[in-house]
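Model the full assembly from the supplied sequences, consistent with the hints where possible.
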Amino acid sequence: MLLTVLSGFFVAALAPLVHRHIPPRHSGLLFALFPACLFFYFAQQLPAISAGAMLLESQPWVAGLDIRLSFMLDGLSLLFALLITGIGTFILIYTGRYLGDHPALGRLYALLLCFMASMLGLVLSDNLIGLFVFWELTSITSYLLIGFNHEDAKTRAAALQGFFITAGGGLALMTGLILLGLAGGSFELSQLLSEREALQAHPLFLPMLLLILVGAFTKSAQYPFHFWLPNAMAAPTPVSAYLHSATMVKAGVYLLARLQPALGGNDAWLWLLGLTGAITMLMGVYLASRTTGIKQMLAYSTVMALGTLTMLIGIGTEQALIAAMAFLLAHALYKGALFMIAGVIDFSTGAKDFLQTGGLARQLPITAAAAVGTALSLAGLAPMFGFIAKETMLESVMGAPALAVVFSVAAFLSATLGITIALVVGIWPWFIRRDMPELPTAFRSPGPALLAGPVVLALLGLGFGLLPALPEQALSAAASAAAGHAVVAELALWHGVNTALVMSIAALLLGTLLFCNWGRWRSMTDAGERFARRLGPERLYAMGMEALVRFSAWQTRVLQNGYLRYYLMTTLGTMVVLVMAALSMNLSGIRIAMDFSGVAFYEYVIAAVLAASSIAAVLTNERLGAVAALGALGFTVALTYVMFSAPDLAITQVLVETLTVILLVLVLFRLPGFLKLSSRPLRLLDALTAVIVGGTFTVLILAVTATRYFPSISQYFVEHAVSDGFGRNIVNVILVDFRGLDTLGEIAVLSLAAIGIFAMLKLRSGGQE
Amino acid sequence: MNQQSLILRTTGRFLLPLLLLFSLFLLLRGHNEPGGGFIGGLVAAAAVSLHLFVMGTNAARRVLRLTPRDLIGWGLTTGVLSAVPSTLLGEAFFTALWFEITLPLLGELKLGTPLFFDLGVYMVVVGSVLTIVLNLAEES
Chain A
1 MLLTVLSGFF VAALAPLVHR HIPPRHSGLL FALFPACLFF YFAQQLPAIS
51 AGAMLLESQP WVAGLDIRLS FMLDGLSLLF ALLITGIGTF ILIYTGRYLG
101 DHPALGRLYA LLLCFMASML GLVLSDNLIG LFVFWELTSI TSYLLIGFNH
151 EDAKTRAAAL QGFFITAGGG LALMTGLILL GLAGGSFELS QLLSEREALQ
201 AHPLFLPMLL LILVGAFTKS AQYPFHFWLP NAMAAPTPVS AYLHSATMVK
251 AGVYLLARLQ PALGGNDAWL WLLGLTGAIT MLMGVYLASR TTGIKQMLAY
301 STVMALGTLT MLIGIGTEQA LIAAMAFLLA HALYKGALFM IAGVIDFSTG
351 AKDFLQTGGL ARQLPITAAA AVGTALSLAG LAPMFGFIAK ETMLESVMGA
401 PALAVVFSVA AFLSATLGIT IALVVGIWPW FIRRDMPELP TAFRSPGPAL
451 LAGPVVLALL GLGFGLLPAL PEQALSAAAS AAAGHAVVAE LALWHGVNTA
501 LVMSIAALLL GTLLFCNWGR WRSMTDAGER FARRLGPERL YAMGMEALVR
551 FSAWQTRVLQ NGYLRYYLMT TLGTMVVLVM AALSMNLSGI RIAMDFSGVA
601 FYEYVIAAVL AASSIAAVLT NERLGAVAAL GALGFTVALT YVMFSAPDLA
651 ITQVLVETLT VILLVLVLFR LPGFLKLSSR PLRLLDALTA VIVGGTFTVL
701 ILAVTATRYF PSISQYFVEH AVSDGFGRNI VNVILVDFRG LDTLGEIAVL
751 SLAAIGIFAM LKLRSGGQE
Chain B
1 MNQQSLILRT TGRFLLPLLL LFSLFLLLRG HNEPGGGFIG GLVAAAAVSL
51 HLFVMGTNAA RRVLRLTPRD LIGWGLTTGV LSAVPSTLLG EAFFTALWFE
101 ITLPLLGELK LGTPLFFDLG VYMVVVGSVL TIVLNLAEES
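As given, the protein sequences belong to chains A and B, one line each in that order.
So in UniProt numbering, spot 184 of the first sequence is number 184, and the numbers just go up one at a time.
So in UniProt numbering, spot 65 of the second sequence is number 65, and the numbers just go up one at a time.
Hints are computed from structural coordinates only; laboratory data are not their basis.
Quick caveat: nothing in here was measured; it's all calculated off a predicted structure.
Some hints here could point you the wrong way.
What the hints assert, rightly or not - Covered, in the sense of this in silico footprint (three residues per stretch, anywhere, with C-beta under 8 Å from a C-beta of chain A), are these stretches of chain B:
1. 5-16
2. 36-48
3. 58-66
4. 74-87
Beta carbons are placed, not taken as given, at the ideal position from N, Cα and C, and that holds for glycine.
So this is what it looks like as structure tokens:
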């Protein structure tokens, strides 16, 4: 399994290179072979997994932190892996034709394959840290994919918004997962799932649950974080079809289903997930029913589906989990297909809005047929698989252990509006003939590469509906994993006349009525839209971001005002305050040695020279005099190094002094005259700062030399320099061996400083080069 | 900088190779005696700066062949790469590896990844100092 995940990144790295050498029409087909192979690999595991087996695989990764790269394949992972690779295959075929002439197509392939590998890693991970890493990788690849057309400012904003929300949730998730690992005593999911009692009795159970839920809800676009998903439709259509309907947004749902056996089955779980899911479902379907953008409507209906899934997992009964898995499969099939159909409409006619379309069935007969089929599934009508999923959903909602009435009403309303949007999708662009303005672009025939995906997925929806025994095995295995014990799904097209069927029929009638008055419904709900624009979640998000920008602008103005003296004062002042605070907190333990008995006469002389040269540097009125005084200071310091047997330091000091002179010579001519720029009170303030800083450091050094909290490490270095570091120069062995990482950091800082100075010089001289 | 003394011009020409050689000597002996990449780098930078004052900035750039900014990049790369081999042997990142080669005539030579790391430090120091010095000099 390690191979199946990592090979994706490898293929992704190769994709742009390979793409350059073959015609774009065929590259999609070629790359599609890779997910197809993975699909068959996973399909082969199905009999074993559905018999209750679980594949585990583990590889040490960061041994020092006990982080393992471990993978687990059970029913739930398998269902997701099949969806990811199966739909991925069609998406890649589709992309080759849809964006065949795009100059950056190679990059798109690389990103799509990268995303696929991350998503596979996410659903197969057994280790919490590994899962989190792949989780963030999907956020990052999604960001890059949404922003694929990065020259458009709106696209960039949408990509950034999606990234901020999912990555912000990711931070919460990381904290939650770490808490989960600590509370459960293991970072392996396969072990955590059996720690249910210990986890739920843990005092930090609720904060942990909330943090994990924030992560899952942001990723799966639950209310009030739902607004990034419709905006993410700025991505190319294949990306929307893949990431933002079938796979990535389901990552949150996956995590909830995965953790259900460990964290579920209590009131907090039921209320949080159930109500959030129900609200999301209603908001999604309501917003979908009143939008006219093709991809926007599909995006909002995805929000509806994600809400439904969350609600079902929150209910958590066996039947609800079976319904969730069936709904997940049905939704992936019809929504993936519908997005690809939206892409066909755009590709062939250039229309992006339902109001621009009409009567397309004649020009696009196959697409229209596929659209009708998938729309039936979306509506939850027989004989499509969506019907079975919806019936199971309605039944399980009514069997909820609590809040059954609330969930049932919500599900009924959502089914009603769902019918309306399905009718819009399945009828409006194809059969309604109206007086239409000209199509935005000349008609282009889609060809088999664009039609393969929608047709196959629509046929699968029909096939699974007529023969529900086909997916039963996989769904049972997935539901068993989500329930934590063996569950058998028994799906049938005809359930007899029961409450669910009656609800469906009522929903059908009401939904059709609403469709006939679609225009009126849209204008009726304008008031809500106006309110949302003023105070909706998206507006609140925008206001929060603006406030953040204002705050950082303010603090930059305050802290980075461009005057060296203020920088110095801030830095030194902070240092003094911190040092003094640390010292005053440990007053009792600190001894200050004031023993001057062993000091030789010449050492007094050196100290006197040091003091005299620094005073001279401060008092002089000439620049050259100041430079000379500083030079004297530097060389005297080098002398003290020699006295205390630190030849390396002394050499370095002398060399630095020499180079400083060179630099000063180069700079000196260009400085303005030596003016008195500061007033008397300012100079007094400077003097005060200098004295305080000097005093603090004198106290600090006296305290440090006299107080020992820990045995000094120098003895270790002295003893091990030759035996372990093979060097007699201890200073250098420390620099390049014992503390090599520190030195690496230091040379990185040095490089940055040099590049910063270089940039400043070039900027000032007019931006040449 | 045209009116310089004959003495400076003459000595400068001879001092450059000597100083560069000396900087390498400092770099190589650094593990056992005072010296090392940082000190060696400073000496080399000073040597090139001297050349700059004698022969001008173009000549100084010719001595380097690389632009000093590239030297920074190569230095950092060398430093990071020298920490990698240990990970291939299953040791922690940055663990020093040592091996001994016996050379004809010269006897035994001890080489280790810290030496390459020190070389990286040397290059970064030379590159950083000269980036600043050369650009300042060119501007005036």
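Are 3 or more residues of the segment 74-87 of chain B near chain A, judged by a Cβ distance of less than 8 Å? holds (count 5)
Can you take a look at whether the segment 58-66 of chain B is actually covered by chain A? Rule is 3+ residues, C-beta closer than 8 Å. violated (count 0)
With a cut-off of 8 Å between beta carbons, are at least three residues of the segment 5-16 of chain B near chain A? violated (count 0)
Are there three or more residues in the segment 36-48 of chain B whose C-beta lies closer than 8 Å to some C-beta of chain A? Result for this restraint: holds, n = 8.
Violated hints, in rising order: 1, 3; the structure is consistent with all others.
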